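S.K.: Given next are the chains, with one letter for each unit.
There are 2 protein chains.
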Amino acid sequence: MMAIDQPQLFSGSTALSDFGDWVRKNSFSGVEVLVDEHTHHWCFPRFRQLAGLTVEPVVVPAGEGSKSVPVLAGLWQALLDRQADRQTLLINLGGGMITDLGGFVASTYKRGIPFAHVPTSLLGQVDAAIGHKTGIDVGEVKNSVGTFMPPHALVLDAGFLETLPSEELRSGMAEVLKHGLIRDATFWKELAGTDGIGIPDAAIVQRAARIKMEIVEIDPREKGLRKILNFGHSLGHAVESEAMMAGAPVRHGDAVAAGMLMESWLSRELGLLADKEWVEIRDVLSRMYPPLPLQHVDQDRMLTFLRNDKKNKGRSLRFVLLERIGKAVFDHIVEESMAIRAIQAYPSWFVPS
Amino acid sequence: MMAIDQPQLFSGSTALSDFGDWVRKNSFSGVEVLVDEHTHHWCFPRFRQLAGLTVEPVVVPAGEGSKSVPVLAGLWQALLDRQADRQTLLINLGGGMITDLGGFVASTYKRGIPFAHVPTSLLGQVDAAIGHKTGIDVGEVKNSVGTFMPPHALVLDAGFLETLPSEELRSGMAEVLKHGLIRDATFWKELAGTDGIGIPDAAIVQRAARIKMEIVEIDPREKGLRKILNFGHSLGHAVESEAMMAGAPVRHGDAVAAGMLMESWLSRELGLLADKEWVEIRDVLSRMYPPLPLQHVDQDRMLTFLRNDKKNKGRSLRFVLLERIGKAVFDHIVEESMAIRAIQAYPSWFVPS
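From first to last, the protein sequence lines are chains A and B.
Number 878 in the numbering used here belongs to position 184 of the first sequence; there are no gaps in the numbering.
Number 726 in the numbering used here belongs to position 32 of the second sequence; there are no gaps in the numbering.
Bound conformation, chain A alone (with noise of 0.2 Å):
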């Protein structure tokens, strides 16, 4: 239904530079900056003098909280009082949760207005901000209300990634290895030589955002190839839910390198993956990401989870399997008993350290 423009990039150790000269080129009307709490702190600083921007940001609060309609509301007040127009300009600096809201409040102030991503974490660098979805939580399901539109440019700063706990950097690389096993089997060899450890390269970051770019510009709108980002993501969703639940909530990345592994021993069993290769999956990831307290998981509520992935059409589960590394397959049929026998399989597959 839409032509969906590519953002402008900018990366490399100018980035921030070179992205104030082009919102100064552009001559619009008004610049305004949406952060959070914490990267009002952490990143803004930076941010306000290497692209040389001087505003005065709007804070919200930080956490998943914000992507509400609350915060919604007052942000598109915040933009009447302070005259925004049809040629303001709004910079979202943070995480996900930031892009996500301020690319919702973008693209319906004024019927739309341009607006520029500055992800400030590893996750949001090579996912989160790209992929033209925005989005806020109603009714506690995520992202239950938002559009698709891309950013005008997009800004990949390798400096923001310092300030992160290794946690983060952690969490944020499980989707870096993603790209690389669904779509890049050169850059997965690359990543499984690493230790996985520290802030990845900042030629790292940008191959793994220009996978999920380039896929996203084949397939805006996930009606096909797009989907297969979601691998590791049905058990890996799952595992994350289920861990809510339980009240010992893990790391997005972690749970998703937890999906990956599953999901990859699920394409070895259906007969998919070479076995050779699982076996170099299994290790590179065992080896980079702590195991999972998944033994005493609820079946039961695990499957409800699973059964409410939107991935599925109908009753039968759909997951993104491997056919070889680098190469992915979508919708493919997996019974509920095999997911359940990868859940219980995912603890012999960590040598016990």
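Hints may contain errors.
[Stated by the list, open to error] Below, in silico cross-link-like pairs of lysine-lysine (DSSO-like), each with a Cα-Cα straight-line distance of 27 Å or less: (1) A:K719 / B:K917; (2) A:K921 / A:K883; (3) B:K917 / A:K917; (4) A:K1021 / A:K883.
[To be verified] According to the in silico footprint, chain A covers these stretches of chain B (three or more CB under 8 Å from chain A): (5) 802-808; (6) 839-847.
[As the list claims (entries may be wrong)] Computed list of chain B residues with no C-beta within reach of chain A, every gap over 10 Å: (7) Q771; (8) F798; (9) K827; (10) T828; (11) V832; (12) V835; (13) A942; (14) K970; (15) M982; (16) D992; (17) E1017.
Read the hints as simulated data drawn from the structure, not as lab findings.
If you're wondering where the values come from, they're calculated on a predicted model, not measured in any experiment.
For each residue, glycine too, the CB sits at the ideal point set by N, CA and C.
Please arrange chain B on chain A, whose structure you already have, making use of the hints.
M.R.: Frame of chain A, contents of chain B only:
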């Protein structure tokens, strides 16, 4: 930025039953109908019977007040409660408020679900439901938040017009006449030969609707040509706002008719429109529309309204004017003193009865 599909159009005596067939044929996963209290009472029974769709409608209060954040949030929640998914069709049955509000809900719920407009007012059928603009009012600013999104279907049923009071029909007729003046001289001639009273023929409604659809298809985002749809609306909106402030509100179409008179006069005064055509427009509109009591308007306040018009750039007023009947030009600079003269001249165009 976007290629926007045109909606499927249903018109003529079988419009509603044809639409019902189309809904059934498309196998949506569900169907929801949005109405206000008035269209629930006056229009929904006819809709349900002729379209043959059995569904419990979602009802919101009548009036512009429903284009608000609380009603919007309530509708998002209602769709969640009814387990609407991405293949659920939302049918908006009502006047401009319902199609603006329902269009915005549908274009954001689950990042966009299919929707259909079934406008029940003449203004809705020839104007408000056409043009892919959706919106609500935030901060007391009309349509300050919204999207550009076309409905999948547009249903023009003449039967709904039979429930309208004559003042409503006259008001809607102003936009019909406008479409002739700006784009179709033959159509204008036909309209000028009628008394402009009562329910217009279905052929007239369809022709007026098609003129707007054609303009919107050429310029969906109002970068150029689409601006001509604002003919009569610069001074018309100022008259409407001033009447509201003075505590004596006038109908939108009556204000637009006054605006078209003044802007046609300006077109003649500024050397664009032939005197003969000005006289023809004056005679037709002053016969069909009552003179509005503009003797006591606050000129400073009128100027403030004119200066706030979204069509202006910088400090000069920009109007849509007529070059001839059937041909409008946009972005024409008009001096403030000339605009005031048009308001002052207005009463002289009516023959005292």
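S.K.: Does each hint hold? Answer for all of them.
M.R.: Now the hints, each set against the structure:
1. Distance hint between A:K719 and B:K917 is fulfilled; the C-alpha atoms sit about 21 Å from each other, no more than 27 Å.
2. Between A:K921 and A:K883, the direct Cα distance comes to roughly 23 Å. Compliance with the 27 Å bound is thereby established for this hinted pair.
3. Simply put, B:K917 and A:K917 have alpha-carbon atoms about 31 Å apart, too far for the 27 Å limit, and the pair is violated.
4. Taking the CA atoms of A:K1021 and A:K883, the gap is near 14 Å; set against the 27 Å cutoff, the hint holds.
5. Only when three residues or more bring their CB closer than 8 Å to a CB of chain A does the claim for the segment 802-808 of chain B stand; here the count is 5, and the claim holds.
6. Judged by the Cβ-Cβ criterion of 8 Å, the segment 839-847 of chain B is covered by chain A as claimed, because 4 of its residues qualify and three suffice.
7. For B:Q771, the shortest C-beta to C-beta distance to chain A comes to about 5 Å, within the 10 Å cut-off, and the non-interface label is violated.
8. Against chain A, the non-interface label of B:F798 is violated: not every CB pair exceeds 10 Å, the least being about 8 Å.
9. Not every Cβ of chain A is farther than 10 Å from the Cβ of B:K827; the closest lies at roughly 7 Å, contradicting the non-interface assignment.
10. Not every CB of chain A is more than 10 Å from the CB of B:T828 (nearest about 8 Å), against its label as outside the interface.
11. Consistency note on B:V832: stated as away from chain A, yet its beta-carbon is not over 10 Å from all of that chain's, at 5 Å minimum.
12. With a cut of 10 Å on Cβ distances, B:V835 falls inside the contact zone with chain A, its closest approach being about 6 Å.
13. Every beta carbon of chain A lies more than 10 Å from that of B:A942, the smallest distance being close to 28 Å; the non-interface claim holds.
14. No beta-carbon of chain A comes within 10 Å of the beta-carbon of B:K970; the shortest separation is about 39 Å.
15. Interface exclusion of B:M982 from chain A stands, the closest Cβ pair being 33 Å apart, more than 10 Å.
16. Every CB of chain A is more than 10 Å from the CB of B:D992 (nearest about 24 Å), matching its label as outside the interface.
17. Look at B:E1017: its CB is around 27 Å from the nearest CB on chain A, clear of 10 Å, so calling it non-interface holds up.
Hint violations for this structure: numbers 3, 7, 8, 9, 10, 11 and 12, all remaining hints satisfied.
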